[in-house]
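Here is what each chain is made of, one letter per residue.
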Amino acid sequence: MTSLKSVVESLLFVADTPLTLDRLCSILEEHDRRDISAAVAELLAEYGEGTRGIYLAEVAGGWQLRSRPENADYLRRLNRSRPYRFSNSSLETLAIIAYRQPITRAEVEYLRGVDSGGVLKTLLEKKMLRILGKKDIPGRPLIYGTSREFLESFNLKDLASLPTLKEVQELTARDLLEQQEELPLPGLNVNSTE
Amino acid sequence: MTSLKSVVESLLFVADTPLTLDRLCSILEEHDRRDISAAVAELLAEYGEGTRGIYLAEVAGGWQLRSRPENADYLRRLNRSRPYRFSNSSLETLAIIAYRQPITRAEVEYLRGVDSGGVLKTLLEKKMLRILGKKDIPGRPLIYGTSREFLESFNLKDLASLPTLKEVQELTARDLLEQQEELPLPGLNVNSTE
Amino acid sequence: MTVASPADIILFPDSYQTVYTIRTEAFEGPFDLLLHLIKKNEVDIYNIPIAAITRQYLDYLDVMQELNLDIAGDFLVMASTLIQIKSRMLLPLPPDEEIGEEDLEDPRAELVRRLLEYQKYREAAVSLAQRELLGRDTFVRDFAAPELAEIEPEQERLEVELFELIEAFRRVLATVPEQTFHEVGAEGLSIADRINELLLLLQGTDAAVFENLFIGSATREQVIITFLAILELCRLNMVRLAQARSFGSILVIPTFLDAAAEAVTEEDLDRDFA
Numbered sequence: 000m001t002s003l004k005s006v007v008e009s010l011l012f013v014a015d016t017p018l019t020l021d022r023l024c025s026i027l028e029e030h031d032r033r034d035i036s037a038a039v040a041e042l043l044a045e046y047g048e049g050t051r052g053i054y055l056a057e058v059a060g061g062w063q064l065r066s067r068p069e070n071a072d073y074l075r076r077l078n079r080s081r082p083y084r085f086s087n088s089s090l091e092t093l094a095i096i097a098y099r100q101p102i103t104r105a106e107v108e109y110l111r112g113v114d115s116g117g118v119l120k121t122l123l124e125k126k127m128l129r130i131l132g133k134k135d136i137p138g139r140p141l142i143y144g145t146s147r148e149f150l151e152s153f154n155l156k157d158l159a160s161l162p163t164l165k166e167v168q169e170l171t172a173r174d175l176l177e178q179q180e181e182l183p184l185p186g187l188n189v190n191s192t193e
Numbered sequence: 000m001t002s003l004k005s006v007v008e009s010l011l012f013v014a015d016t017p018l019t020l021d022r023l024c025s026i027l028e029e030h031d032r033r034d035i036s037a038a039v040a041e042l043l044a045e046y047g048e049g050t051r052g053i054y055l056a057e058v059a060g061g062w063q064l065r066s067r068p069e070n071a072d073y074l075r076r077l078n079r080s081r082p083y084r085f086s087n088s089s090l091e092t093l094a095i096i097a098y099r100q101p102i103t104r105a106e107v108e109y110l111r112g113v114d115s116g117g118v119l120k121t122l123l124e125k126k127m128l129r130i131l132g133k134k135d136i137p138g139r140p141l142i143y144g145t146s147r148e149f150l151e152s153f154n155l156k157d158l159a160s161l162p163t164l165k166e167v168q169e170l171t172a173r174d175l176l177e178q179q180e181e182l183p184l185p186g187l188n189v190n191s192t193e
Numbered sequence: 000m001t002v003a004s005p006a007d008i009i010l011f012p013d014s015y016q017t018v019y020t021i022r023t024e025a026f027e028g029p030f031d032l033l034l035h036l037i038k039k040n041e042v043d044i045y046n047i048p049i050a051a052i053t054r055q056y057l058d059y060l061d062v063m064q065e066l067n068l069d070i071a072g073d074f075l076v077m078a079s080t081l082i083q084i085k086s087r088m089l090l091p092l093p094p095d096e097e098i099g100e101e102d103l104e105d106p107r108a109e110l111v112r113r114l115l116e117y118q119k120y121r122e123a124a125v126s127l128a129q130r131e132l133l134g135r136d137t138f139v140r141d142f143a144a145p146e147l148a149e150i151e152p153e154q155e156r157l158e159v160e161l162f163e164l165i166e167a168f169r170r171v172l173a174t175v176p177e178q179t180f181h182e183v184g185a186e187g188l189s190i191a192d193r194i195n196e197l198l199l200l201l202q203g204t205d206a207a208v209f210e211n212l213f214i215g216s217a218t219r220e221q222v223i224i225t226f227l228a229i230l231e232l233c234r235l236n237m238v239r240l241a242q243a244r245s246f247g248s249i250l251v252i253p254t255f256l257d258a259a260a261e262a263v264t265e266e267d268l269d270r271d272f273a
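Protein chains in written order, with numbering that gives the first Met the number 0: chain A, 0 to 193; chain B, 0 to 193; chain C, 0 to 273.
Among these hints, one or two may not hold up.
In silico DSSO-like links for lysine-lysine, alpha-carbon gap of 30 Å or less [said to hold, decoys possible]: (1) Lys85(C) with Lys38(C); (2) Lys165(B) with Lys125(A); (3) Lys125(B) with Lys125(A).
If you're looking for bench data, these hints aren't it; they were derived computationally from the structure.
Chain A extracted, bound-state conformation:
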């Protein structure tokens, strides 16, 4: 018999999606949730050491073994995975939806200032977005949100681990070394356009 840690490592290795603690517990039903959690923690620590070719990422509410990003140049030569390329408009639209979801197409377009139907469709096809339902306002427009695949693609544990817009701005400001003084702008209420 091998250890629980070994079993968890095997599971993480063969699973083709991130495994959540709930999923691990239902697979390892005879084990204590606390023990499973501890095994994951041990693995996280082990994979965190040194510069191994594999690391244990916390994504989409679970854990997934991934290749070390520093080795990406070599891995691309294997030519196996479809490279993800996002256009600027896709990224812009994704950012808006990630921060403002649930959101309608009209709201996205108000923020971007351009028609966004085509981009939304592309992002739906790439499974980065989900249709969450319809908004309870006249016309019942569709509402969109980001998907689990979005979290996986962008290496995010959950939506809350996105930097806040303020943090993003501070980072950008520091990057550009051009501190813009902040003026109070009242009433940035974009959603009142229905």
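Given the structure of chain A, go ahead and fit chains B and C onto it with the hints provided.
What follows is chains B and C alone, placed relative to chain A:
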């Protein structure tokens, strides 16, 4: 930059077939064959220690990372609840029934243009459909509709929350007429969003 | 004044291909172009020299036109907004007693708010792109492990997105002649919902009082939908309407899946699944 060993480990991790020394050398062309060989030997030694959940197997004249065979029972449980993906024909049939219910098999087949008996059966087994009754026409064919489970799996409140075809088509309408007619510049009051 | 913009670089394209790509890559939209002009001119976003910026903006549209590029309607809409703001800034304020609240606000305020808001998301987009992207920076084993290949799943979890369902329906419709189809709107689907609910309600009962089926139909629209659903059920012969005596209650009698005569038999299933 990480070590050659780390790169080899990443490659073995991502590859879906065993990698031979020749293949590794051709991918890592700037590296010496002897160094690559040594990196593999180091990895073999490391993975051989203890009872880790992953081991480096020598197969088909090459190497492949595999899950530890002793843990196979647990891995089977992972597979037991594998996510089920609909085939295109299942999705098509389900879509027709969702949007056109109540509907008979003959009507489904008229729309799809192909025999749909097998697909209907699968969808009933998956509990996506229910038999609503029999139609009062010669032959008394069964009438199908979608089930409560259907709504649950698509996270829908009711059938009325299904997006209409028109709503999705609107997303792409722009692509077809990318050429926008030119609007007269003056007097376009766009900001009247109060 | 010249327009220095990404389009300039491509004014002398070395291939047709290059010309084709600028349309999508020059500017994402009017906000993007405006922010570019503001930055290039090194002006304060809170105090935009609207006349100069408008002129440069229109110059850019001219360049696009000279290059025979399609100018998206959104760019033209912004042009008209800019012109409007410019003219409002030239107008003298109305006499004191007629000053409304909107007259007091800087005509540029709304535009500035939107530009700043847009800028935030554009920066967020950049920070998204800088993350360790799956398929670009990091890779996973997104294939079935060979050691699991022979294990048949015992129980499957359904995993499908609404969008895929709609796309499937669209594929079907694409192959069907148009007039055999009409768009089913929310109303048609509400009727289908109601039919499903009524069938559940009627299952296992001998009959239901007609009026009782309207309990819970709060709005006029819901009443109509319930009524249409009952009619549809009658048409399909899944219910029968009966009245015990004149002016008595109307009874809705389920005739579907009648245990004695009408149960779904093996034979029925065989016929459909043969």
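For each hint, the structure was consulted:
no.: 1; hint: Lys85(C) with Lys38(C); result: 20 Å, holds
no.: 2; hint: Lys165(B) with Lys125(A); result: 21 Å, holds
no.: 3; hint: Lys125(B) with Lys125(A); result: 26 Å, holds
When the structure is compared with the earlier hints, no violation turns up for any of them.
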